[in-house]
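Student: If you want the building blocks of each chain, they are given just below.
There are 2 protein chains.
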Amino acid sequence: MEIALLGGTGDIGEGLALRWAADSAHDVLVGSRDPERAAAKATEYATALDDRGRDASVEGLGNVEAARRADVIVTAVPAYHLTDTVESIADELSPDDVLVSPAVGMKRDEDGFHYNRPGVGSVTQLAANAAPDDVPVVGAFHNLAAGRLADLDADLDWDTVVVGDETDAKDTVIELAESIEGLRALDGGPLANAAEIEGLTPLLINVARHNDGLHDLGVRFQ
Amino acid sequence: MEIALLGGTGDIGEGLALRWAADSAHDVLVGSRDPERAAAKATEYATALDDRGRDASVEGLGNVEAARRADVIVTAVPAYHLTDTVESIADELSPDDVLVSPAVGMKRDEDGFHYNRPGVGSVTQLAANAAPDDVPVVGAFHNLAAGRLADLDADLDWDTVVVGDETDAKDTVIELAESIEGLRALDGGPLANAAEIEGLTPLLINVARHNDGLHDLGVRFQ
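Going line by line, the protein sequences match chains A and B.
For the first sequence, full-length UniProt numbering gives the first residue as 1, with consecutive numbering after it.
For the second sequence, full-length UniProt numbering gives the first residue as 1, with consecutive numbering after it.
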C-alpha cells in the first residue's frame with residue numbers, strides 16, 4: 001500500500017514515516033508543499049533507516065503528487081493548515097482512497113494546554129468538511145507524542161483511537177496503525193466522537209509538564 | 001483521616017468507599033441525603049469487607065453530618081446534583097478541609113457519549129464556585145470505571161489525574177488516591193486544567209462500546 005504523509009517533514013509526519021518504513025512493507029511518500037524539501041527529508045529518513053539495516057521505501061514529493069499516488073493520505077499538518085491542505089489536494093482524492101486526520105487544535109495559557117474545539121465539532125470534522133463528499137475520512141493518531149514516535153529506539157506500548165463513518169476505511173486505518181510495532185488501534189465509533197480523542201492530547205502534555213520523569217506520553221486504555 | 005463520600009451510596013461512591021476501606025487505614029463516612037440509606041449501605045459495605053477478612057471502618061451518615069466530621073469530602077454525585085450538594089454542606093466546610101470533585105458531565109446521542117462542558121469551564125469548577133472561597137477544591141477520580149472500582153477482586157492498574165490550585169490540598173488527595181492499590185495519582189496542574197480530564201470519561205465509554213473484550217476501562221499514561 002502507498003501511504004502519503006502530507007506535511008511529512010513535520011514532527012508527527014516524521015514519526016509516522018519512520019515507523020511505517022521501519023515496521024511495515026508499505027511504501028511511504030513524504031509530502032510537502034515544497035517537493036525539494038520533501039525529497040531531502042525522504043533521503044534523511046531513508047538514510048536513518050539504512051543505518052539501522054532497514055531497506056525501506058521512502059520517497060519525497062509535493063503534496064499533490066503524493067496524494068495522487070497514495071491509497072491512504074495522512075494530513076500530518078497543524079490544525080490551522082488542515083482545511084487549506086485538504087482543499088489543495090481534493091482533486092487527487094477518489095472514493096477508493098482514505099483520508100486520515102491526526103491533527104489536534106490546542107491553545108496554551110498560563111495554566112496549561114487546552115483543547116481548542118472548532119465550531120464544527122472537531123478538527124477531524126474540519127478535514128471531513130474540506131474533503132469531497134465521496135471520500136472516506138478517518139480520524140487517528142491524535143495522541144502520539146512525536147518525539148518518542150520518531151525515536152526508533154523507543155518502545156511505544158500505546159493505543160490510538162480510530163473514528164470514522166465508513167467501516168472499510170476505518171478497518172484499513174486500524175490495520176495500518178497496528179502495522180506499527182507497539183501501537184494498538186481501538187475503534188472509537190463514528191467521526192462525531194472525535195472531539196474527546198483530540199481533547200486527550202493537551203491532557204497528555206499537562207501531565208508530562210507536572211510530573212517528574214514523565215515525558216513524551218501516550219495512553220493505554222485498560 | 002476521615003473521608004466523607006457524599007453520594008456514597010451511588011456507584012462511584014461505593015467503589016471509592018470499598019477501596020479505601022479495604023486498602024487504607026482511613027475511616028470512611030458514607031454520606032447520603034437519606035441517613036438511613038447511608039447507614040444501610042455502610043453496613044452492606046462493611047459486611048462485604050468482613051467477608052474478605054478486612055476489619056474496615058465504614059459508617060453511614062447524612063451528607064451534612066458526614067461533611068462535618070470529615071477531613072476530606074468527596075462529592076460522589078452526578079454533575080447535575082453537584083452545586084446543590086456542595087451548597088447543602090457549605091456551612092460544614094473549613095479551610096483545613098479538602099473538597100474533592102470526581103463528577104463528569106456527559107450527554108449521549110446516537111453516535112456515542114460526549115463531554116458536556118459547563119459554561120464555567122468544567123464540572124470541577126462548578127464545585128469550586130459552589131464552595132466557600134477559603135475551602136480548597138481538588139478535582140480527582142474522574143476517569144475510574146465504577147464497576148471495576150467496586151469489584152475488589154479486580155486489579156486496577158489505572159492512573160487518576162489530580163488538579164487543584166492549592167499544593168497542600170492536592171498533595172493530600174494524591175496521597176489518598178495512591179493509598180488505593182493499583183491507582184497511580186498524577187498531577188494535572190491547576191484546576192483550570194480539569195476539562196480535558198473530565199472529557200476523557202466519555203472517550204473511555206465510547207472505546208469500551210466499540211471494542212470487543214474491553215469494558216470498565218480506565219487509563220494509563222505512559
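One or more hints might be untrue.
When chains are identical, the list treats them as one kind, so a pair holds in a single copy or across two.
As the list claims (entries may be wrong) - Straight-line C-alpha distance at most 20 Å; calculated SDA-like pairs for lysine to any residue: (1) Lys107 to Pro95; (2) Lys107 to Glu65; (3) Lys107 to Ile205; (4) Lys107 to Arg117; (5) Lys107 to Arg209; (6) Lys107 to Gly10; (7) Lys107 to Thr83; (8) Lys107 to Asp11; (9) Lys107 to Pro190; (10) Lys107 to Asp134.
Keep in mind the hints are simulated off the structure, nothing from the lab.
This structure is a prediction, so every number in the text was calculated from the model and none was measured.
Student: Take the hints in turn and mark each one as holding or not.
Tutor: Cross-check of the supplied hints:
Within a single copy, Lys107 and Pro95 get their C-alpha atoms no closer than 34 Å, and across copies no closer than 33 Å, so neither meets the 20 Å cut-off. For the identical chains of this complex, Lys107 and Glu65 are neighbours neither inside a copy (32 Å) nor across copies (43 Å), given an alpha-carbon limit of 20 Å. Proximity of Lys107 to Ile205 under the C-alpha cut-off of 20 Å is restricted to the intra-copy arrangement: shortest distance 12 Å within a copy versus 26 Å between copies. Proximity of Lys107 to Arg117 under the C-alpha cut-off of 20 Å is found in both arrangements, the shortest distances being 10 Å within a copy and 17 Å between copies.
Only within a single protomer do Lys107 and Arg209 lie at most 20 Å apart by alpha-carbon distance; the minimum there is 15 Å, versus 30 Å between protomers. When the C-alpha separation of Lys107 and Gly10 is checked against a cutoff of 20 Å, the pair qualifies only within one copy, where the shortest distance is 19 Å, while the shortest distance between copies is 36 Å. Proximity of Lys107 and Thr83 under a CA criterion of 20 Å is satisfied intra-copy only: 18 Å inside one chain copy versus 28 Å between copies. When the C-alpha separation of Lys107 and Asp11 is checked against a cutoff of 20 Å, the pair qualifies only within one copy, where the shortest distance is 18 Å, while the shortest distance between copies is 35 Å.
Proximity of Lys107 to Pro190 under the C-alpha cut-off of 20 Å is restricted to the inter-copy arrangement: shortest distance 16 Å between copies versus 25 Å within a copy. For the identical chains of this complex, Lys107 and Asp134 are neighbours neither inside a copy (32 Å) nor across copies (30 Å), given an alpha-carbon limit of 20 Å.
Taken one by one, the earlier hints fail for this structure at numbers 1, 2 and 10, listed in ascending order.
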